[in-house]
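Participant: Below are the chains, spelled out letter by letter.
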Amino acid sequence: MLILTTVLTTGALTLSACGSRDDDSGDDKGGSSGGKKTTVVIGVDAPITGDLSALGLGIRNSAELATKIANKQDLVPGFQFKIQALDDQAQPTIGQQNATKFIGNKDVLGVVGPLNSNVSQSMQKPFNDAKLTQVSPANTGTELTQGDNWKSGDKKRPFASFFRTATTDQIQGSFAAKYLHDTAKINKVYLIDDQKTYGAGLAASFKDTFTKLGGKIVGADHINPDDRDFNSVVAKVKKTGAKAVYYGGEYPAAGPLSQQLKDSGAKIPLMGGDGIYAADFIKLNKKAQGDLATSVGAPVEQLDSAKKFISDYDAAGYKDGYEAYGGGTYDAAWSIIEAVKKVAADNDGKLPSDARAKVLEAMSTVKFSGVTGDISFDEYGDTTNTMMTAYQVEGGKWVPKKSEVYKP
Amino acid sequence: MHELPQQLANGLILGAMYGLIAIGYTMVYGIVQLINFAHGEIFMIGGFGAYTVWTLLPDGSSLAAVIPLMILGGILCSVLVGTAAERFAYRPLRGAPRLAPLITAIGLSLFLQQLVWAFYPDAKSDISFPQFHGDPFHVLGATVQRGDLFVIIAAPVCMIALGWFVNRTRSGRGMQATAQDPDTAKLMGINTDRIIVMAFAIGAAFAAVAAVGYGLHNGQIGFRMGFIMGLKAFTAAVLGGIGNLYGAMLGGLVLGIAESLATGYMGDVPGMDLFGGGAWKDVWAFVLLIVVLLIRPQGLLGERVADRA
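Chains as they are written, first to last, in the numbering used here: chain A, 1 to 408; chain B, 1 to 309.
Just so you know, these hints were derived from the structure itself, not from any lab. You may find that some hints are simply not true.
When the alpha-carbon atoms are kept at most 20 Å apart in a straight line, the in silico SDA-like pairs for lysine to any residue are as follows [as the list claims (entries may be wrong)]: (1) LYS238/A - PRO136/B; (2) LYS286/A - GLN131/B; (3) LYS239/A - VAL139/B; (4) LYS239/A - PRO136/B; (5) LYS238/A - MET266/B; (6) LYS188/A - ARG157/A; (7) LYS239/A - ALA279/B; (8) LYS238/A - GLY60/B; (9) LYS287/A - VAL269/B; (10) LYS267/A - ILE257/B; (11) LYS239/A - VAL269/B; (12) LYS286/A - ARG146/B; (13) LYS239/A - PHE88/B; (14) LYS239/A - ALA142/B; (15) LYS283/A - HIS133/B; (16) LYS401/A - MET387/A; (17) LYS262/A - ARG224/B; (18) LYS239/A - ILE257/B; (19) LYS283/A - PRO5/B; (20) LYS239/A - ARG224/B; (21) LYS262/A - VAL269/B; (22) LYS238/A - PHE137/B; (23) LYS239/A - PRO130/B; (24) LYS238/A - ASP135/B; (25) LYS267/A - GLY141/B.
Coverage of chain B stretches by chain A, computed from C-beta distances (three or more under 8 Å per stretch; other residues unrestricted) [what the hints assert, rightly or not]: (26) 62-75; (27) 171-179.
Keep in mind that this is a model prediction, so the values were computed, not measured. For every residue, glycine included, the Cβ atom is placed at its ideal position computed from N, Cα and C.
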């Protein structure tokens, strides 16, 4: 695979080098000479090995599928799309190296990914300096688009090159609070988080909305995400008589936390965000029944707009599933393709010399109906599609309970 | 305060596990003055060994019936790895500057982690460990899970057996002699190499028992579990007086209960509400360690290391 990508990229490099020489000479014979197509590469950065590789492979495959479909439809005449996939192993340092590689390949006009918000933080600046568009299908960290002071209402977009098709933790936490208070009718909650960017942000946004709705936070605590014994915290939860626990964090700690909670005799559900909306959460937690989670978007299986995506994905014969972020990834890749289409259309079907800057400019005008709904980006680079879904564990499976377009 | 019995019970269970692992640190240190930092991984391997036995047994086996087999499997794996580590990683470095085996230990622990990660199916993330079914017991206001009984029983049984071995058997007395003065012990006809291997093996076996307890208590094991548990157990060994067998168990219990109480009550102390959460329990455990070492540098029960110098 790697060799194949390299060969393709090298081939693409030579091709485009010819193209630009033609442009420089001002020769009229340039352009679409001999039916040869201009190759545009979309970079894909995701954890393809390691703990989170299932999600990462879903991202890579879905992005590749988007380019294949666009090529098949001949969406941008005279253009051919390819992906260049790099593995970040969910590590910020590797993500940054990958960013440099993408920037170095001048056929890359946009990058899809990564999965993790902290990896994105290491990639945003190099991409911004290179005016290279980045669209993440999975980053929910609010500060990525709205700056570090978003909690105090001082929203400021830090990097103009960053977009995402996943909505923010601010919306996710707030949606969870509303679901728990209004739909599940629970008004006494114990709040726990793991003090990481994702977990703490989610818990803060949950608390904000939950107290505004009139619910009571009866206690709060933090845990260390590497711990697996939470019995002391559980004893505290039990004392407060909370009717549910909201946990900001990921499933490796949430699984034992939930199980120890029920073992202690407190028969209350644990709720979390998309970090616990994973099959492993149920596998590791024999008492997950009744636990709740929210996730961004609607379950793609339920969307009419996703039917074609699912059948295309199946037809492509990928070994791994599209997982939680497949639909969002397809839309992310597609938004870059749409932007390239606009740039080409504005420039007589050819790429301008400052193609990256032009693509970035075009991103703000991109609008199409994608797999996860209508896709466009607001002034921060956030998706305007704030579809959220609440899930509950029933009979060893996550069952979708409620999907809505949520505006806090 | 009505959850105090619960917090004490939680601390006791956690502390007994620390104590069992700490035996391995303290014994090896007592005899060869080596901190075997790979001991946390030997503990982890014990857990995977027990789990492997479980997966090999027919589906629907009763856990209570097969747990002796699982313990045996865990002990076998741990002892094998522990003695192999002694033979191939530490023995060639005996007599080398102290820093060399320490670095080897750290390298070995990374190696063992990656080995399990690479070869064990599903070990990419945590895997679930079999558990006892049935209602928990209620003892003096505390809820105790069936699986936790294992550690509560295993810890004293192991300690009594160890005490008997060290004081009453020929090998045990040889061990004491080697700890006191290896050169003289050798002159008296004690095979010190064999004694050292034995120290590694006993420590590894105790760690495997602790790992089974860990699996039953937390419901899952993972290839990273040895790091934090190993660090805590090492702390417990130092707290109790490294080199002292009973000190290791006492240190473990003190550490476990201190952690549990810090999580439960530190937040209620006026002005401390910021530092009382579950995330701070490790901080308080180490504060306790520092305080004890300031007052009693040799640890709670002390050791005769000082008069060797």
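Participant: Each hint needs a verdict: does it hold in this structure or not?
Facilitator: A quick look at each hint next to the structure:
no.: 1; hint: LYS238/A - PRO136/B; result: holds, 16 Å
no.: 2; hint: LYS286/A - GLN131/B; result: holds, 9 Å
no.: 3; hint: LYS239/A - VAL139/B; result: holds, 17 Å
no.: 4; hint: LYS239/A - PRO136/B; result: holds, 18 Å
no.: 5; hint: LYS238/A - MET266/B; result: holds, 17 Å
no.: 6; hint: LYS188/A - ARG157/A; result: violated, 35 Å
no.: 7; hint: LYS239/A - ALA279/B; result: holds, 19 Å
no.: 8; hint: LYS238/A - GLY60/B; result: violated, 33 Å
no.: 9; hint: LYS287/A - VAL269/B; result: violated, 34 Å
no.: 10; hint: LYS267/A - ILE257/B; result: violated, 26 Å
no.: 11; hint: LYS239/A - VAL269/B; result: holds, 17 Å
no.: 12; hint: LYS286/A - ARG146/B; result: holds, 15 Å
no.: 13; hint: LYS239/A - PHE88/B; result: violated, 52 Å
no.: 14; hint: LYS239/A - ALA142/B; result: holds, 13 Å
no.: 15; hint: LYS283/A - HIS133/B; result: holds, 17 Å
no.: 16; hint: LYS401/A - MET387/A; result: holds, 13 Å
no.: 17; hint: LYS262/A - ARG224/B; result: violated, 25 Å
no.: 18; hint: LYS239/A - ILE257/B; result: holds, 19 Å
no.: 19; hint: LYS283/A - PRO5/B; result: violated, 31 Å
no.: 20; hint: LYS239/A - ARG224/B; result: violated, 32 Å
no.: 21; hint: LYS262/A - VAL269/B; result: violated, 28 Å
no.: 22; hint: LYS238/A - PHE137/B; result: holds, 17 Å
no.: 23; hint: LYS239/A - PRO130/B; result: violated, 29 Å
no.: 24; hint: LYS238/A - ASP135/B; result: holds, 18 Å
no.: 25; hint: LYS267/A - GLY141/B; result: holds, 18 Å
no.: 26; hint: 62-75; result: violated (count 0)
no.: 27; hint: 171-179; result: violated (count 0)
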